[in-house]
Structures are given as structure tokens and as C-alpha cells.
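There are 4 protein chains.
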Amino acid sequence: MDQIRSVRLAEPPREPAAVDTLSLVERYRAVRTLSEALAAPLSDADATLQSMEDASPAKWHLAHTTWFFETFILRERGAARFDDDWPFLFNSYYEAEGERIARFSRGMLSRPSLAQVLDYRAHVDAAMERALDDPACVELVGLGLAHEQQHQELLLTDIKHALWSNPLGPALWSPPPLETTEPVATGWIEHPGGIASIGYAGPGFAFDCEGPRHQVLLQPFALADRLVTNAEWDAFIAQGGYRTAALWLSDGWAWVKANDVHAPLYWSGEDHFTLAGWLPRDPAAPVSHISYYEADAFAAWAGARLPTEAEWEAAARGADPASGNQLDSAGPVAPVGSASLFGDCWQWTRSAYLPHPRFKAAEGAVGEYNGKFMSGQFVLKGASCATPRGHSRASYRNFFQPDKRWQFTGLRLAKDI
Amino acid sequence: MDQIRSVRLAEPPREPAAVDTLSLVERYRAVRTLSEALAAPLSDADATLQSMEDASPAKWHLAHTTWFFETFILRERGAARFDDDWPFLFNSYYEAEGERIARFSRGMLSRPSLAQVLDYRAHVDAAMERALDDPACVELVGLGLAHEQQHQELLLTDIKHALWSNPLGPALWSPPPLETTEPVATGWIEHPGGIASIGYAGPGFAFDCEGPRHQVLLQPFALADRLVTNAEWDAFIAQGGYRTAALWLSDGWAWVKANDVHAPLYWSGEDHFTLAGWLPRDPAAPVSHISYYEADAFAAWAGARLPTEAEWEAAARGADPASGNQLDSAGPVAPVGSASLFGDCWQWTRSAYLPHPRFKAAEGAVGEYNGKFMSGQFVLKGASCATPRGHSRASYRNFFQPDKRWQFTGLRLAKDI
Amino acid sequence: MDQIRSVRLAEPPREPAAVDTLSLVERYRAVRTLSEALAAPLSDADATLQSMEDASPAKWHLAHTTWFFETFILRERGAARFDDDWPFLFNSYYEAEGERIARFSRGMLSRPSLAQVLDYRAHVDAAMERALDDPACVELVGLGLAHEQQHQELLLTDIKHALWSNPLGPALWSPPPLETTEPVATGWIEHPGGIASIGYAGPGFAFDCEGPRHQVLLQPFALADRLVTNAEWDAFIAQGGYRTAALWLSDGWAWVKANDVHAPLYWSGEDHFTLAGWLPRDPAAPVSHISYYEADAFAAWAGARLPTEAEWEAAARGADPASGNQLDSAGPVAPVGSASLFGDCWQWTRSAYLPHPRFKAAEGAVGEYNGKFMSGQFVLKGASCATPRGHSRASYRNFFQPDKRWQFTGLRLAKDI
Amino acid sequence: MDQIRSVRLAEPPREPAAVDTLSLVERYRAVRTLSEALAAPLSDADATLQSMEDASPAKWHLAHTTWFFETFILRERGAARFDDDWPFLFNSYYEAEGERIARFSRGMLSRPSLAQVLDYRAHVDAAMERALDDPACVELVGLGLAHEQQHQELLLTDIKHALWSNPLGPALWSPPPLETTEPVATGWIEHPGGIASIGYAGPGFAFDCEGPRHQVLLQPFALADRLVTNAEWDAFIAQGGYRTAALWLSDGWAWVKANDVHAPLYWSGEDHFTLAGWLPRDPAAPVSHISYYEADAFAAWAGARLPTEAEWEAAARGADPASGNQLDSAGPVAPVGSASLFGDCWQWTRSAYLPHPRFKAAEGAVGEYNGKFMSGQFVLKGASCATPRGHSRASYRNFFQPDKRWQFTGLRLAKDI
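Residue numbers (my numbering), protein chains in the order written: chain C, 4 to 420; chain U, 4 to 420; chain D, 4 to 420; chain E, 4 to 420.
No lab work stands behind these hints: they were computed from the structure. A portion of the hints provided could be inaccurate.
It does not matter which identical chain is used: a pair holds within one copy or between any two.
Stated by the list, open to error - In silico lysine-lysine, DSS-like type, Cα no more than 25 Å apart, as pairs:
1) Lys418 x Lys363
2) Lys375 x Lys363
3) Lys375 x Lys418
4) Lys407 x Lys375
5) Lys418 x Lys260
6) Lys260 x Lys407
7) Lys260 x Lys375
Since we're looking at a predicted model, the values are computed, not measured.
Looking at chain C on its own, in the form it has when it is part of the complex:
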């Protein structure tokens, strides 16, 4: 191992050509419209629920994404606030933007009503139409739209958690026709290792934490060609996965015991809770709503491991990030299994969320977007069934604490070769 391995460059670094042929105005309208479509089945009361500190009310997501445009674009252009009291309500975590409501008090906002929040959106959208022509705004609008797409996914996962907290288990949408997919054996995509380029470099939009692009040295590895399935998870449970300390990280085992964990979140018997209510699980569909601890323990049980972020990203170079099971429109979303590296579930990697070499956070309040979360979290790659199509990239870095499960999180195995 002490000689330099003869390295082969992975294919020439290249981001998939921007499929985005829409104008900025068209994109702005499309994103903003989708948010409201996702919230359309919600009553004012539904949209007010906050079921845990990690989650936010749907109403809050609708307002906070609007506050982002109002604060970082319209305010800079001299526009008056829609309501001077609202920034206190709808700032998320930007210290530079002043005091804000305690995170776990967002669920107390029965006022403003959902209708008033929609008025706020219309008001800001009208003002934004004028700003979209301004070249100085293009970059921030791109950030604002990517930000809103993130909140679209959170809106779905947060309302799913809230509805699950209701013993009646109400559905947001009618269930889709049940298609049971065929189980497929796992294949392995081999990668020769060597020096790979990682991180974003391209003409379009990416979050600051995705760069700078840089080189890493990889050892040969293989990545499974599909996600782990519900049926495989059932086997893990049946073979005592949740009762075998040796499979678990120390923190993970403590978490299992403290929370009496014995299945993925949302599982109950043969069913699981979905945005279309309680439904039978498809054994061949990807398992979802698992923590990093569970993913890591499963991989140990399966004699494999989780991929690193760099491995995943190197393997994904050239793949189409807009492929697979991702969100195109409002309606029931659920992992079904597809051949793409992207979609269905975010995939836990064994890499901590830390800065890429020479990373610098953006200046000003928007610099709080990513960098300040670089402790205690793991990177997830890919995209989920609830990720708006077009939002993710190979270099995209989603991140959560290792005990979090309310996102559509799954796993793809890796192994050394």
C-alpha cells in the first residue's frame, strides 16, 4: 500500500448538460406553483401542525420560502415588508437577520391563517416578477428557488410526520394503485479507484458547500446497483438485527435501547404510513425512513458497508441526476425502486458533513446556509421520491444527524474490491 497506485482518471469531469431550458421567470413560477400545489390538500389546521422540533408547519414552509425572497431580494431593492411583524415568525436560523420565534413554537401560529400566507405569497410573487429581469438578482433567485425546493421536500416529510402523529392516520392523497414490483438480485457496479474529481464546478447553480471541486484518491470499490429493500429489512429484523449489539455503533445501540427501536419509522406490522395513509408495504420497494445507525448496522449485518461520499459521487459522475423516482407534481410519493442512482431515497454515506478543501462560506446572511452545520451530521447523496426533479446533482450534499428518520432515507451498500 505504500507505493502510489497506478491511477486511472475517471471519465473527464463533466456535469450533465443543463436540461433546464426554462427562463428564470418560468422556473420561478413553476417552483412557486408546485409549493402551493403540494399544500393544496391541507386545511388551515393541517398546515399549522408541528409534530416535533425537527419539523415545521406547512404554513411556515410556505411563508419562510417567501420571506427568503422578500428579505434577500426585495428588501435589497427597497421594497417595504408585507408585514413588519412577520420576519420574526418566518426567519429560520439566520442569526444575522435578528431574533426569531423559538423553533418549537412554530406550531403555535394559527394566525396568520393559511389564506393570509397565500396572500403573502401572491404579494411577493408580484413584486418578484419585476426583480426577475434584473441580472443582479439571478444568482440569489437561483438560491431562493433551490431553497424553496428543499422546503418542498421538507413540507412533504413534515406533514407526513404530523399526519402519522394523528391516531386516525389521515391521508393527504388517495393511494395509488398498488403495484408490487418484482424483487431483483443485487448487482455491483465496480469502480477502479484512483484520483477522482469531486465537488461542483459548472456554470449553473450549486450550494456553496458543494465546492470547490477537488481531487481525492479512491481505492477500488463496488457499489450496489439498487437500494436495500423492505424484504431485506424484514430479514434483518427476523435475524435479530435490532437485538444484536455487535452490529451497532455504540451511539446507535444506545439510541435503539433508549427509544425501543425495532423497525423503521412508520412501520407497523405489514403496513407502513404513507402520504396516502396506512398501506401494505411492497417487499421489493426500497426501505425508507431509517437512521444512519440503522443503515450502518444493516450494512454490517449484510457483510458490506456504506459508501463514502466521494465513492458515491465518483460513481455517479455521468449519471443523469434528473432520472429516477423524483417529484414532478403534487400527489402521493413513495419509494418504488428504479434503476437510477438518483431518486427513491436519500442514501446515507459513511462520510461526515465537513467542508471540502478550501471551502469558503458565502458572505453575509446567506453564508449561514450551509457551513455552520458542519458538525454532527452525515452526508446523504442522491435524491428521494420527494425531491423536486432537477434539484439534485452528483455533488449535492444532503445532511442529517445520524438518528434522524423522518426524511425518505435509505441505503445502498458498498464494498471493498
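Fit chains U, D and E to the known structure of chain C by using the hints.
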């Protein structure tokens, strides 16, 4: 003190003549209508809020009181449930009635909607009209109506807390015209002590814990002829009341320090939060929203003490419990100060909530109504501005833990003579 | 019930003649010597243990009782402190005596060593010998000795808890020869009710909270002539006592579930932990180490109730408080069962610990001794096997929160007649 | 950035020649003797203290390290246990070795006494003398000695925390003569980047997590030639470091606010607590007892960053890991500042503690040593004044959660070049 004091009987034991000339049907309709009138200004989202574990959503109060009639009267008469899943949602604490939603999850009930809950009420009310003719139901209906009146008060105090938790401080009703009352000096009502009869005995309704009627031996005492005012509380604060350990019970002092308490709940500067939003305080109005700990410390500071339950009840014998500032209809409620022993604020006594001699809880699930709470709580007497007029009595025993403040709780001083 | 019952005075109010023929010096020496004898089997490490916030290290008890004499007697007489830093360590809760170590940090006091604490005791004892002649000190010395006797009992119960926390279950003393007592049927001591005098009035020492003596009106009742036994408790368990919500106070049931309680503290199988290590239980001995919640639930299960403080005290008038199984010297202590109202176990009453009518706390720091604890606690009467004989009285008011079990707490049933 | 950088190999991979010329028996005796010398100033009570869940009693360290030899070596050779009850007490976290005392109950072990634990050590040492000749044991003995050296450092940091928890601030040793060192300007050691070999490969002992040796690709960087000093930290405080949200990670800022952090652990005014009691700080000495959050915030304030583990390790290649201010014998230890990369303080890196590529944990119970802690922790490199000299290596991976401060933790700045 070792000789028997020559005792003088207080006036012959007597409950005020029942002012209630309404028929049971009329009373049923009046109570049920008032609940809905109180909730009328609430949106579905407002009615879904639960701001702390002690409180419940307005929607829940409306449904729970209905569940009570459905469970203890209609079910006994063979009626089917409106919805078989709802008892799980709307049982409060009756162990004999089976499993129920965790108390602090009541705030997740965006479904059923407020409109569906009102349908439930209409459905049960229609069925109840037939039951009200049945003499076998009279007693339980009386209990159900008293129960609903208790929840009317809780509905008001709970929604007050929820709206206060919203940084916008929304108002339920328009503020009443501000009338500043004149401060009055405290007079003292003397009582000679001796043997007094305490507890309920009468033809009408009373809760089981109010009886049996029994005799107690009192020493001479005096009771203030009015409640402590906001102005007096300001003086307590100004003289360091919240910083002087010697005035406080040990638990109270720990509570002050742990919660950084320095004023009654809902105070901020010169204002306080009311059901009509943030308003200036009237210095001459009774102070409200104080804990037992605060009441006890204030009394120590004032060189007086809190009355015992028996003293208060003996002094109230013959007074009209339907007098004073109590709730007659939907609209802003607030303590204003009146000459009555009843109304404005519930009054902390220094008596723990414990069984009267020879108390027996009722049989069956309704026996869980009172007796099982007989530890850790203090008795409050009188009634508040949010208590439906006609609900309280001299023998009425309200009770809360000594740190609770979200009810309209105040104090009336007592002293030995 | 509304006529005045024809009342019969209980026997003329009388405290048992003071059996105490010892001089103050002799009493001082006896008490101080006993404390050290109780601690004699402890290593420095044993004496440093604090196993929970309610408990204190043995070393701390030895020092704190000494601090009491040094502070309230020697300092008043102008004596210098043994060590100026120690009051911070050994003040318990006297706010008037300044800042002090956080209660749960008492277990960090490996220094001063046990030997140094014994030096401190010797130093203060020498100085006290001179003060004991001063008539001005008599009352405070009496308080100081009673205070030290309380801490003798706490020293035993605290070290019992600490040793039990050690998986090795070490013993403080060799076990006494096992004498299994014969079970006895419960007899009932009837009391006619009427006006009784309660509270202390006498020439000797009593705590401020035991007075003033005053009259109460009792209804006829009966008190069991012995304590509830281990065998009876086994039956309670066998019949589902810990699984039957209907038997429990609401707070008690929550406590059972939150702490997974299914037996008295210190029970394991057929054994229980004692100051002589793990030993088989004697079925006929009084059950001990139960909470108020358990006592109350047991009484409900047995179709009886707990006595009130006044009933117990009225029944004890004339009984010899120095009788029964109490502490005479260092050595294993355990409830064995005796015919006395006093001894074996402190007996939970259903009375909250609240002020007697016209109670006034003493002036100055010693006024913090009792009055400030008058919320959230229940009164226990009698004395236990760990109470120094001569310490208790009929009017004695021991008090603890209803969930506390580490004292020798048991129960004596009562019923209405 | 997309071309492969022309890389220059760092110096040929090489571990410093083993300075260890001692035989295994000599090393065994030296390590075991040092543990007892460190504990020599402790009383039985001192050695029993556990001041927080992260820490363990000194007595426990002495016994646990002995349990390690008894369990993994003597038991395998058929030896009987010294005491069959003790494994329950002295197993740390090896799930495969069965149930064990709850971590935070270790402080209840007044028994066995310190003297008994020393007997246990003597007993095991005698048996080990025979095992040390057995070649089959060499590897496990090496692990056991490295393990004991880790616990020597923990013994010192744990007892430091315990003594600091005592308001008297007792000293373990007399203070050394105060030498104030001269402040030195920071120089920067530049590294050209390129492919570097990281991880252990050598003939001697290393922990499993230090390997396998592998290559990483580094960008050019510079490392400060000394640690950050107390004086520099004073400047950070003076310029509002602890009050400026923008400097902190989000978790770090929450930690600062929740714990009201405003200085390193053990600081008070101009003094800090040391194993020789409270002493004035030397401004030119390295700052110590800081969390990762503080280190990261300081680096941001200083316009620099923390090094990665790989950078630090690459820079340390060729340096003597046995140099600098490390532990040679019992006596006061404190950071003083030295020119070595090693010693004084463990240095936080911005690298999470995660497996090196192709890492495999050892088989059996000793496989629980490292791998199961690979979540939620950051790597620290170097060694501290409390690290036994000879214990650390360039590849050594110390790791703690980012909020931990009771170790001798400091920081060395890095920057991009």
C-alpha cells in the same frame, strides 16, 4: 387553648335556594350553546392548538364534553357511536374507559376538523333530546352539564395561553371599553370561629368531592373583603418580592429561580395579555394568573396569610354564589373587581385538596372524576370571570398544583384575630 | 350530620412525663456520641457517597450537625470558625446563612476527610461544653440535639441507599439472628371522635411546627392495632395491586408507570436489602420503604383508608412515645413489629403537611427549619426503627413528598365507624 | 482544479524507529507501576469520586485496566477470577463480556476499597508475570498496556474534574515553581500537498483504527508551529468571541447559550484549576480544556482553520512522537509550550472519527475497542502533558465528542496556501 371554646353555631346550614328555574332541556341547550358561542371566533387552526401539556385544544374541549354524554348516557341507552375511532381521541383520563391518546398529542388533531366536531355535537345533541326525558338520566346529565361548564372555563384559559404563545398576540374579541376602577381600601370580615358545617348537602347537584357535609372547628379569623389588586402586586414587586427568599416556600423559591419568575403570567411592562389581546392593566383590578407559591409569598409579605378552605367556606355561607363577575355569555372576560366573595378570580386557599371525612368516590368510571387527584394540589374557592354563572357554590372545590398559573387565579388575604 | 354531635373529650390533654432525667451536658454527649457510633463502620469512601439528590453523605451529616451548633450557638458567642470555607460546604438550606454548595454536589467532598470531620466535631464539642452552662443556650441546644437526631436517622437511611446502589450490596453490620415473628390478626382501636386537642403544648422541646396546640373536631374512627406486614403486601402484589389503575391516585399511577414500580424499594424476590446486607424478608414484619402512593393504593385495595394526622395524634394521646422498636444504639436496625403505636416505621397519614392554626415560624435563620416546607408533602406520624428513642412525640410531624421511599415508611390502616 | 496536480511525495513513509528497548516484562512493570504512582496521593474517598458521567473514579481505572488483563489474557489461560462479582463492576463497555454496572453508578463503589483494588492489581500482576513469557500473549499484552496508558491519562483528567468539583479546590500535588514563558510569534510550517501515506504500518503496536495505511491526496497547506496560547484566548474573549454567533457552528452556538460558556473549562478570573490546585495562568502557555466548538470558533476568529487529520499526520511524518511535554512520572502536569508537534495538548482536527479505507475491527470482544465509536466524534492528534510518553504516534487517533473539554485539549491553527 386546652379548654373547649364556647362555640357559636354559624347560621343554620343552608344552601342558597336554587335560582335555577330552567327545565333540564333548557339547561342542556343553554350550556351546549354557550360552548359553541365561546368557540365561535376560532378558526379551525386556532381550535387545534395545544400550547402546553396542561392545556387542550378548543376543538378537543368541544368534542370531549360531547364524548362524555355519548359515553355515559347514550351508550348506556344502546346508541351507536358517532365514530368508533373517536373515543380514543376524546377520552381525557378515564382509565376505565380504555386507552387514549397521550395528553400532549391532543394538539396533533387537525382532523377531525372543527366543522366535523360541530357535526358530532349536533348529532349527540339530537340523541340527547330523547334521553333528557328519562328520569334515570337526570343525575348524569347534571354531572355532564357541570363537566361541560368546567371545560368552558378551560377552553377560555387554554385558548388564552395558546394565543399568548403567538408572538402576534392575536385577540379573540375586541377589547371592552377601558374602565379604570377606583382603588378601595381593604376591609376585613370577621368570623367568630367555632363549629361550622362544611361541604355540600342539598337537593341539587354537587360534585362528589364536595361532600359529605361535616363539622369543623374554626378559630376566630378575618377575611379581606376584596381580592388583592394589580397595584398591590406592583408594590410587592417593587419591594423585591420576587428576590426575597425568606418570603417563599422552599418549593416556591426553587420554582422562582428555575423559571426566572418575576411577575404574574401574562404581564409585560405595564400591559398584560387578555382574550382581547395585549392591553394596559387596571391597577385597581384584581391581580390574576398567579401561582400558589406567589399567593403565599405575597401574603407573607403583606403580614397576612391565605385562608383555609374551611374558613373561606364558612365565611361564604349565605352568600350568593351566582353573584359577582362571572361568565354569562361569550365575549371578553377579565377580572374587574366586585364586592362579591365569588367571581373575578379563583382564590387560592392554604388547604390541600384532600377528601372530606367519610368521602366515597362514585361507582364506575365517573368515580374517577375527582378522588384520584387528591395529592399534590391546593383548593381554590369562589369562581372566576370565566366561570359560567351558576356553576360554583360555597362548597365547590377547584384544585390545581401550586405552580399553575394559566387559570384566572388570585388571592384574598386572611388573618388570625 | 348537621346536628352537633354530642362530643366527649378525649382524656385530659397531657404529654407523657419527660422520661429524660439526663442533664443537658449528658444529653449533648449522648447524642453526639451516637452519631459517631453510627458512622463507625464506615470507611472514608463510604462516608463520602451520595447516591441521589435526596440523600447526603454520612460525612456531610456529621459535619452539618456540627455546623449547626457552631453557627447558631458558638458564633453568637463570638467563637471563630473551625474553618472559614466549611460553612459553604455544610449549610443545608438556610438561605439566611448565605450561599452553599449545590445539593447534589455534596457527594464530591472527598476532602475534608472523615478524620478531619471528626476533628471538627471534637473541636466544636470542646467549645460547646462551655456553652452548655449558659441558660441562654438551652433552647437552641435542644433544637440542635433534636436536629442531630433527625440527621442520625437520615444518616442511616442515606447510607442504606448508597450501599444498596453498589452491586455488591455491602453490609454495615452483621445480620442479627433471624427471628421470624408470628403473624397476628389486625385488631381495631376505636375512637369516639369529638373535639380533640392536637399539637404540642408542654414544658419541653418540640419543633415550631408541632404547635400551637389547638382543637379539632373528629368523627368516630378506628385505627389498626398494628402495621401492615410484608405478607399482606405480598398479597397485594399477587392480586395485581401494581397493575390496577383504579386503586391509585392519578399522580401515583403515573409514578408507577414512569418508574416501572412493582414492589417496595429494596425488595428483590424473597429478599430485601438491609443495613446488614441482602436478607430474606420476615413475612410478619411490617412492610417498609413504601411511598405515600403505595400506602394509599394498598389501603384502597384493603377496603380501608389512611388515618388523618389528627386521628393518629388523638389516638396516640397517652401512649408512650419512647416505646416500641426505636434506635437505642449503633447496630442493624429493621422493622420487626411491636404493639406500640410508635416505632418500626413512620406511618403515612392522608394529611398534607400544612401549618397548624396560628402557627408562626421562629425568628431568624432557624425559622427556616420547618415552615418553608409546607407544600407538596404528607405528614408521617410515629417513629421508626431508625429514630433515636426519645426523639419523637405524638405531636411530632415528619413529612416527605408522596413519592419518597428511602425512609423506613410503612402504614397503619384506618376506617370510619 | 480539474487537472491532476503534479504531486510530490512526502518523505518516504517511515515510522520512527522504536525507541522502546525495554523487554515486555520491563514495560509491563513500568506501566503498571506508573498507574499506582499516579494514584498514590489519593485517599480511598478521592479514588471513589465520579464527578460526571464521562468520568470514572480513579479506583475504577485501576481495577478496569486490571480486569482487562484478567479477562483477555489470564482467563484464556484458565485462571480463576480474583472475585467473580467484580467483572460486573469493572467491565467498561464490552457488550460481548456481558452486563455491567451503569456507567454513572461507578461512583457508588466505596467497596471494594482502594486497598482491595491494589490487592487485585498485585494478584493479577503476579499471574501476568507467568503469562508474559508466552509468545501467544505478546500482542494482547501490548494492547493491554496501551489501554492502561490511555486510562492513566483519563485517571488524571477525571480526578482533576472531581477535585475541581469540590469548592475547596484541593490539590493532588504541590505546585511546580511558576515559570512564565516568553510569548513567541507563530511561524508556519508549509506542506506542498500531493499524495501522502496515512495510517499505521509498522512492526510495533498500534490500535486497529490507525490502519490500514493508505494514500490521500492533499492540497498545499500550512500548519502553525505552536499551539494557541492563553494570551491569544484572552484576546478572543476580549473581542467578544463568545458573544459572536457568526464565528460558531450552529451546534456550537447552541452549546454556548445552553451552558452559558464564556471561557475554557477550569478558568476563573486570572486563574485556572490544575492538579496542583488553583493557580495563575501563564499567558504564553498553550490554552487547554477547550471544546471542538471553541477551537473551531477561535480558528474562524483568527482567520485560519483547524487542520484535517491527514494534514496533521502528513506534517508529523518524521517527527519524534516521544518528544515534547508528555508524562514521564507522577507529579503535576500542565501545558507549558514546547516546539514539538506532540505534547502539551491534544489538538482538535476538523476530521470526524471515521474508519480509514479498508478498516476492519479486530475479532472478538477487543474488536469493540475502537470501531463502534465511529459516529459523532472528532479526531485529535498529538499527545498531551498527561499522555504517557511513548504512547502516541503520528497515526494515533484520539477522539471525543465536540462538546467535551475535560481532557487537555487545545488547538494548532492551519491555513490554505
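Taking the earlier hints as the rules, which of them does this structure contradict? 5
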